[in-house]
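Undergrad: The primary structure of each chain is shown beneath.
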Amino acid sequence: MKLSKIFKNAFLIMLTGLVLSACATKKVTNQMQGDVYTGKDTVEYLASGVADRVFFATNESVLTTASRETLRKQAAWLRKNSKINVVLEGHADERGTREYNLALGERRANSVKDYLMTYGISGNRISVISYGKERPVDSGSNPLAWSKNRRSVTVKAN
Amino acid sequence: MIRRIKLIIIFFLIYTNHALALIEVDITRGNLNPLPIAVSPLSIDKESNDGLKKILKVKNIGSEISKVVENNLLTSGLFNPLSKDAFLQKADIAHLKPRFEDWALIKAQALITGKVIFKNDKLRVEFRLWDVLAGKEMMALAFTTVPTNWRRVGHIITDKVYERLTGEKGYFDTRIIYVAEEGPKTQRVKKLAIMDQDGFNTKYLTLGNELVLTPRFNPTNQMVTYLSYFRNLPRVYLLDIETGVQEVVGDFPGMTFAPRFSPDGKKIIMSFAMDGNSEIYTMDLENRIVEKITNHPSIDTSPSYSPDGKYICFNSDRSGYQQIYIMRSDGSKVKRISFGKGLYGTPVWSPRGDLIAFTKLHKGKFYIGVMRTDGSGERLLTENYYQEAPSWSPNGRVLIFYRETKSDSEGKGFSAKLWSIDLTGYNERLVDTESDASDPSWSSLLSN
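From first to last, the protein sequence lines are chains A and B. In terms of our numbering, the first sequence has 113 at position 113, counting the first letter as 1, and numbering is strictly consecutive. The number in our numbering is simply the position in the second sequence, starting from 1, with 1000 added.
Chain A on its own, in the form it takes in the complex (with noise of 0.2 Å):
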């Protein structure tokens, strides 16, 4: 009986140590959640507080909490500034195929074209292109700066 609790104790320390090690690997590579990046390293803005971008998991093209996050305070600010156009410019990372990864880009920038019009954005105001793999932000072959060529950012047409 005691020899088991001696087993039980040492068993959740080590647990421990594995979630703690665990965190701490997570904390090197602290601008990734899963694999979709949460940095600001190629973040640019279209006005004060309003990130120009958001970032995709790989494959996918469904919105995260913070991508909407950021697509909400840009929909305000294009209310404000109802002169302003944008293109969405949507991108994928190189690890794909090249006419797969135009279609996907093309689907990331419309995701992002849905959710602006939903906050009352009108599409005449949006256009939309892929560019596939074919203009990452980032040179690297590694997860991180695949992480960031993921994307869809939004520019001024105007």
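Source of the hints: derived by calculation from the structure; they are not laboratory data. Note that beta-carbon positions come from the ideal geometry of N, C-alpha and C, so glycine has one too. A few of these clues could be false.
To be verified - Computed, partial: chain A to chain B, Cβ under 10 Å:
hint, residue
1, L104
2, D138
3, N142
To be verified - These stretches of chain B come out as covered by chain A in the derived footprint (C-beta under 8 Å, 3 or more residues):
hint, region
4, 1174-1186
5, 1270-1278
6, 1297-1303
Position chain B relative to chain A; hints supplied.
TA: Below, chain B without anything else, positioned relative to chain A:
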């Protein structure tokens, strides 16, 4: 712009002996014992050589043409061209009547001899293929053309020899269109480029002002379809290589991409992306009638026709991930055919009809492979960090594709190059290009 290539070939069969084919090369297996072949320099008289030297700035056109043939035979992986240093017989005499014992002594099983004459501003090339062991002539042909076409003469000779010895059409008198790349990864400059299959005669067809991708040859002529970002509108274009005239064919209210010709060259099949959905469409080039082929909220792209035009293979993520599907050419009877582990893309139907080549991504590695048209018999030919976009040689025996290398965090170490590999999985080779290169497409034979 490319000037129309003038080629007047007058074939005449001097003498052909089909009766006894003692030498045969089996191309269905990886060839570990390439056939020893002697390519004698083509002989040329002094007067002809002086005349051609002025026009072509080549020291001895006879030996240059034989080098073209030799290099083609070597890269095919099926032949082992023997060193000229060991040749005992003079080129002009060998062409009349080889001393077969001399050629057998250096272990040649086949011998190519020839003769070049320059007359009335025309280049006339004669060649003979000999079976050394049987002591017989197997084939004799002559061509007449303009002197500047001399490399093509070498390619045509190789095609004839290849066909005679393997029983299948060659792929040497062909060209490759591809995307020439330069500059940093974040601002890559891309131009359409075309070259002979052996890497010579490179010409650039666009200036690099706009992004261009995925050029593909019309299988029936020298037209090309590709994607251009001209005026920042990604659209499918058509280019006539002979006249240099370009026109947009995929002018839809959104991006058109992934174009390919139908086997009869009369239609372009492509993807059209709108509102986050990519579908496959065809456009008839004569009457410009557009047809929608797929209808699904997923990504449908990279279409490629079967050689009889009855089926289309394509790439779709309707199952959740990229997989290969086939359907009838009217879009009915859609069927998934790839079921292995990993993602599959860029399906391309073999010109022989029996196989589909593809790119596969599995556990962080990229593969070029082939499978039967029902998805069975998957065979991976090559594994690498990154490679994709296979294109078939016109005889369906070789695949050309592009490969990228990994870069460090500063982007250093990156390169994109063309590679070829035999369907057997053997004979993997770097295809030399002047700059970095991607998206290769193999033409059909320029002459037959």
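Undergrad: Under the criterion of a CB-CB separation shorter than 10 Å, is A/D138 in contact with chain B as hinted?
TA: It holds, given that the least Cβ distance between A/D138 and chain B is near 8 Å, below 10 Å.
Undergrad: Given A/L104 as an interface hint, is the shortest Cβ-Cβ distance to chain B below 10 Å?
TA: Interface hint status for A/L104: holds (7 Å vs cutoff 10 Å).
Undergrad: Does A/N142 hold up as a contact with chain B if the rule is Cβ-Cβ below 10 Å?
TA: With a minimum Cβ separation of about 7 Å from chain B (threshold 10 Å), the hint on A/N142 holds.
Undergrad: Count the residues of the region 1297-1303 of chain B whose CB lies closer than 8 Å to any CB of chain A, then report whether that count reaches three.
TA: Answer holds; 3 residues pass the 8 Å Cβ test.
Undergrad: Between the region 1270-1278 of chain B and chain A, are there enough contacts, at least three residues with CB-CB distance under 8 Å, for the coverage claim to hold?
TA: holds (count 6)
Undergrad: Counting residues of the region 1174-1186 of chain B that have a beta-carbon nearer than 8 Å to any beta-carbon of chain A, does the count reach 3?
TA: With 3 residues in contact (Cβ-Cβ under 8 Å with chain A), the coverage given for the region 1174-1186 of chain B holds.
Violated hints for the displayed structure: none, as all numbered hints are satisfied.
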